[in-house]
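Using the working numbering, you'd call the opening residue of the sequence shown number 16 and step up by one each time.
Hints in this document: simulated from the structure, not taken from any laboratory. Heads up, the beta-carbon is just placed ideally off N, CA and C, and yes, glycines get one too. Zero decoy hints are in this set.
Computed spacing ranges between beta-carbons, pair by pair: (1) G146 <-> I69: 14 to 24 Å; (2) V74 <-> L102: 16 to 26 Å; (3) L28 <-> F94: 12 to 22 Å; (4) L90 <-> A47: 35 to 45 Å; (5) A47 <-> G146: 41 to 51 Å; (6) A54 <-> A113: 17 to 27 Å; (7) F94 <-> G24: 18 to 28 Å.
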Amino acid sequence: MFSCNCNNGCIGLSVIASIIIGVIAAFLQITAAIVVTPAFLWVLFGIAVGYLAITLIAVALLRGNGLRSCVCRILPAVFIGILGTVLAAVILLAITFAATSIVGAIITGALLFFFALLISATVCLVTCAAGCSDSN
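Construct the entire structure; sequences and hints are all you get.
Next comes the structure, spelled out in structure tokens:
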């Protein structure tokens, strides 16, 4: 069995930070303090699809490095972030919501939650691949 020194709390912290970001984004959207434009949605969609391709390559390269158990614990969070970002972006691109729509604000909050999860889980993955742990 492979082992590594992954920080087990990294994904937990990523989820908590992502929830906070998503709630703040939904609140700002419902109060019309921010407006999510289609260009922003296309950028997030493209970043998520790009991450999917890069993750495929990175996992193929990391496969033989003895980091399998570590990577296998982090990858579900990365994939949830990717798929959630793509799905929320497609929904917001396909359906026009009013600026202060509650449903639109919830989906915008979910979009930014998933995107923040994608980024922070990738940081956890890179930290794991680098062999860093919280004891160093």
